[in-house]
Amino acid sequence: MREPTIVAEITAEPLNGGELSARLRSTEDGAVVVFEGRVRDSNQGRPVVRLRYEAYAEMAERVLTEIASEAGSLYEVGAVGAAHRTGALELGEASVVVVAAAAHRAAAYDASRYVIEAIKQRLPMWKEEQYADGSTAWLGERPVEGEAR
Amino acid sequence: MLLFGVYREFAGQAELGLELPAGSTLAHLVSELRSRSGFDRLPDRPAVARNLTYASLDELVEAGDEVALIPPVAGG
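These protein sequences, in sequence, are chains F and C. Residue 99 in my numbering sits at position 99 of the first sequence, with consecutive numbering throughout. Position in the second sequence (first residue = 1) + 1000 = my numbering.
FYI, nobody ran anything at the bench for these hints, they're computed from the structure. Treat the hints with caution; some may be incorrect.
[Claimed, not checked] One side of the interface only, derived from the structure: several residues of chain F facing chain C at Cβ under 7 Å: (1) His-84; (2) Leu-89; (3) Leu-123; (4) Pro-124.
Remember, it's a predicted structure, so these values are computed and weren't measured experimentally. All C-beta atoms, glycine included, are put in the ideal place defined by N, C-alpha and C.
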């Protein structure tokens, strides 16, 4: 089995799934799953006008690398790439991109799903929504589980 | 120690210095913080990172450690 290529980035620059996918291209991989999470215009019925993501950047890079590496050892993939945006994002912009490339599609889908679910569970990243009426709120979606709890 | 997201807003600042007796654990640190004004909304067992890794509240804090309080995460 090949040692998979791993890419993990926390960045304030715009994300592009096609660009990350192109960077991970290999002729050994016949299946590539590109997932983009984008800023949605509402949350639980409230109109959202923009979002701001804040990361514990140094730890987030480490955790994202761990997550992508775990997917790389759990599934038969050639490459796993994950990037998460920080700072202010407008509606429709990508906040997260996951690329999983494998010889066959099952491993690519599985690895992609693993990475996005793990990001939601433990990437030290926080989201502040700004609403149409000018108010803002920090979303507390998932307490981190583990020994600390 | 480092504070993020809603926990930073409890403090009104992103970094706090704390002096703790030798032998203190992360749980002691959390309990010291919760006695400060603004931190009454901090959960009694928040997630904590020590030196960039999620840590158990039973761990000892050592001089020079980078400790961060981790609010419920909301990436993706």
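Structure-based check of all given hints:
At about 6 Å, the closest approach between the beta carbon of His-84 of chain F and any beta carbon in chain C falls short of 7 Å, and the interface hint on this residue holds. Annotation: Leu-89 of chain F was flagged as interfacial toward chain C, and the flag is violated, the nearest CB pair being 12 Å apart, outside 7 Å. The interface hint given for Leu-123 of chain F holds, since its Cβ lies 4 Å from the closest Cβ of chain C, which is under the 7 Å cut-off. At about 6 Å, the closest approach between the beta carbon of Pro-124 of chain F and any beta carbon in chain C falls short of 7 Å, and the interface hint on this residue holds.
Of the hints listed earlier, the one the structure fails to meet is number 2.
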